[in-house]
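Trainee: Below, each chain spelled out in residue letters.
Protein chains: 4
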Amino acid sequence: MKPPLSMAGIFPPIPTPFDATGELDLKALAANLEKWNRYPLSGYVVLGTNGEFPYLTESEKLTYFEAARKHIPPTKLFMAGTACESTHSTIALTKKAAALGADVAILVTPSYYKSRMDAAGLSHYYLSVADVSPIPVSLYNMPANTTVDMPADLIIALSQHPNILGVKDSGGNLAKLGEIIRSARPGFQVLAGSAGFLYPALCVGAIGGVLALANIAPQQCCDIVSLFKHGKHEDARELQLRMIAPNTAVTARFGVPGLKAALDLLGYYGGPPRSPLLPLNDAQKDTLRSVLVGAGILGAGIGG
Amino acid sequence: MKPPLSMAGIFPPIPTPFDATGELDLKALAANLEKWNRYPLSGYVVLGTNGEFPYLTESEKLTYFEAARKHIPPTKLFMAGTACESTHSTIALTKKAAALGADVAILVTPSYYKSRMDAAGLSHYYLSVADVSPIPVSLYNMPANTTVDMPADLIIALSQHPNILGVKDSGGNLAKLGEIIRSARPGFQVLAGSAGFLYPALCVGAIGGVLALANIAPQQCCDIVSLFKHGKHEDARELQLRMIAPNTAVTARFGVPGLKAALDLLGYYGGPPRSPLLPLNDAQKDTLRSVLVGAGILGAGIGG
Amino acid sequence: MKPPLSMAGIFPPIPTPFDATGELDLKALAANLEKWNRYPLSGYVVLGTNGEFPYLTESEKLTYFEAARKHIPPTKLFMAGTACESTHSTIALTKKAAALGADVAILVTPSYYKSRMDAAGLSHYYLSVADVSPIPVSLYNMPANTTVDMPADLIIALSQHPNILGVKDSGGNLAKLGEIIRSARPGFQVLAGSAGFLYPALCVGAIGGVLALANIAPQQCCDIVSLFKHGKHEDARELQLRMIAPNTAVTARFGVPGLKAALDLLGYYGGPPRSPLLPLNDAQKDTLRSVLVGAGILGAGIGG
Amino acid sequence: MKPPLSMAGIFPPIPTPFDATGELDLKALAANLEKWNRYPLSGYVVLGTNGEFPYLTESEKLTYFEAARKHIPPTKLFMAGTACESTHSTIALTKKAAALGADVAILVTPSYYKSRMDAAGLSHYYLSVADVSPIPVSLYNMPANTTVDMPADLIIALSQHPNILGVKDSGGNLAKLGEIIRSARPGFQVLAGSAGFLYPALCVGAIGGVLALANIAPQQCCDIVSLFKHGKHEDARELQLRMIAPNTAVTARFGVPGLKAALDLLGYYGGPPRSPLLPLNDAQKDTLRSVLVGAGILGAGIGG
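Residue numbers (the numbering used here), protein chains in the order written: chain B, 28 to 331; chain F, 28 to 331; chain G, 28 to 331; chain X, 28 to 331.
Take the hints with a grain of salt, since some may be wrong.
For chains that are exact copies, the list does not tell them apart, and a pair is met inside one copy or across any two.
[To be verified] Listed below are the simulated DSS-like cross-link pairs for lysine-lysine, each with C-alpha atoms no more than 30 Å apart in a straight line: (1) LYS122 / LYS97; (2) LYS256 / LYS54; (3) LYS141 / LYS312; (4) LYS259 / LYS122; (5) LYS123 / LYS141; (6) LYS259 / LYS29; (7) LYS103 / LYS123; (8) LYS122 / LYS62; (9) LYS259 / LYS123; (10) LYS312 / LYS123; (11) LYS103 / LYS54; (12) LYS122 / LYS256.
If you're looking for bench data, these hints aren't it; they were derived computationally from the structure.
Fair warning: this is a prediction, and the values are worked out from it, not measured in the lab.
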């Protein structure tokens, strides 16, 4: 029997590069991945929230998955965001992503009919997909975008399915993470969903994180895990505290447009978001730059 | 110069019929429309929230729009739900719907990146679509599903665009409706988004409604408008009060599955919702039946 | 048997005047009431939300009730805000207010332990007070301040108590008001809790309102009721629409400090709120002034 | 110059004992404190949220503070909950508590006028009290009860005041705690506000906690701190995970009535809460008992 895939370590949820006309820019994707591949990242989430997944057509998603696979080395995990609002479409897209070489399907909760996305509805969704998916499934809880917050009990129940590998939780409720770690199926893998609480999440038993910040500070995010593993708690803590402000800047404060602007400042390809997301204005870019400099992510003399 | 289209009167946002295998059932659509066409409804919203629009593929949407057009007489307005999360996809789908004969595009707010769907983001979205849409556009505010609530100021500003016809607002904030009616461009058309507050919305100046309840109580909804117009306020009020409980049953309480179950009870085709929406269980159906009987929508001896 | 008290008509929830040192200013109270008494108001709410009730000590409350009684003519209803967080304190204060001549106790929901203020907790509270209160009790639902929103079902159940006279609901959910009016005990009195939806509330069956705006536009608020009663719906509607912006200014936008500033502009005594409420700054006062002028509440040449 | 008081370690926010008639039971207070005093607790919070502070009159509060001081040894810190909604009343009560021997005033945010409790309002409140309080002040952020959530920036700004000692934050946002720890005045003391995230809070730099759970599991809470200090991270983590379920039971799930019922089960005096808080029913008590047994807080054979 094959051992289960490991989701341990750090995964950037990579932004999707669009060119000036708004089309997919696969060369920029290749160039970005080439840079990220030099870091000890465990893999990538392709078409997560930071990948603007709701803004791609199905055909664009398939093109993009195919291109991503080419540039993600086999030693790194390719996690594909294949959730659609309906169970049927999610299954269809998951199978296609698997055929294109994705290793894991990471599935954000459906959310449009939020009052009915209770334990029964969400269980039906995840179990139906997990039953037939050719690749393992990871739950993905993202209440800031969905306003659906899967409770610990539901995640614990779903962890019993052999094809549900783990959960990325972006809610930041550490007591909930702890409850899941204590009561889920042994081996169920819990990932922090934001770099703002990576280190404390590791302390309660998470094994890594899917972190927007890992796009722009991959080494620092990996270092937090490494320091933690080697028992260097005080160093891990200091690095964690330094990473909170830049993490907030590219998530809650400036969102995907902020993350793309930060990539541009750092020599990656960021480029424009798709409308109705709007690019940062100059004042916002200046604020962002000074946050990155303050955190030591961007050199003081660079990026101007 | 052509006079602007009128959205006055009652529009059911029709549920999308699926057969037992989950496929589009266009015969059921035709049969339902044939029945609804006998009522003095002003038209239909096709693929609104009650039409499970997030659960159809683009190709299914086009097939469905085409079929709907065939069975909607030219005397009734065909309002098509063509909103996608991205501006670009919304424009593309709107143009296709127009080519298939839709009269109006009714566009719910994008919502996944909700923290960035502020006045700037939403203005960019609606103005971009309105600029190029071959058919008039109606705003559609649905905070219960999107958790994005367009403020009165934004709606008033958008009302200046000549291709933005009006707004359907489901939030139920009558002071906000009044503010829009007072300050928007003269002729801007305001529709109540729920039958629970249809009559008071008419009183402050709305000209009709897009009402889930109009699927199962079309005559009663039209009667409220008619009584209001003829100054029969007390009769309008009594009918309104009688319609609140059944409206709640097929909206907040049991959602789209409740609306479909009610259609089944009344001799229309309701059928199953798509997963992860789950059909009502028997106890829920019993409750629903007794609410419909209590409101006089379903005969006491029928529906068993 | 005595007929039940009528709460029909308009009641301003009067702000509590404090002098420059923050002490109760009973002369200002007398002067304000003398002015308000000239209008066809049905009475006053003393120590409601706009009366800064959480900022007075018990002994100040009693002094203030006593003074208010002196200046409220017997032809007008004196509704006293006597709610405390605990049932026991609420009963004690209600009895004292009754002894000082209050006609009705108007009781906002307790809210600090909001997760436990469910139907059982709130029923226990209201029924315990109503059982022993020497004066009739009015429910008071104010979700913007309490984040507790009494559902229609609970209000309908409580309406069965013979000493619970009615409800003031500030939530603005007209469907909920309609549901209460349809299903509560006959004679149960429903009051709009904000002038933003007074006219539509009357249309569904409310009999009046407790309205912050009635402090600064008493005649206009009374006129809406009067026009409605005489079937002059179009005039009522126009006046209603004109009153929405000033109402928003002295409630959601600028709060109690805005209401006090407006009183000052209009020749009443407004004075400073108690800390941590802060008085408006000059820019805010200018905005407020222009809103009042725009609505015809303040003469264009006055108030400078 | 005197060194600042240390709030390091564990503080139970003790429930206020009422007898069967609802009166303060000071003998029960003495008996409870006698038991708690045997544990290595750093002190007590008297009249916090778990002390039902909104349900006591001012005169009861003074009686209770006086009694508490008698039974709290000088080696343990006496933190008094002296917040009122108004700044003026808070200052008055704080001075009286100081005169009765309280060591620290712990002040929850005012919350009734929540839309105006912005940075300006809350700064005015805390700075006004800190300026004149004879004892140091601790901020207390409790969004579950107040729905006011002080942002990190505001807490960091307030930390500059020499009489503001620290903050208890119950929100559970670890990134926010980290941000405060990184940017507040050096020496500013951060306490976890719930045992559900005590260990991860220590990991990011908190120095202890004010924990409802510490009333019923004082040794375990102190052990988490002690294990952490000695670098025994894995043991701390295991104990933390075991404490999450009982903590949830006596906070979010069953609230103060649950905490009192747990005290009764464990041989302390819990007694009834004041109305409108209602005591647990038998089924809830059974659930609570089994959670406590499951966590090893209550012996399997005890408490029946």
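Trainee: Which earlier hints turn out false for this structure, listed by number in ascending order?
Mentor: Hint check: 2, 4, 6, 9, 10, 12 fail, others pass.
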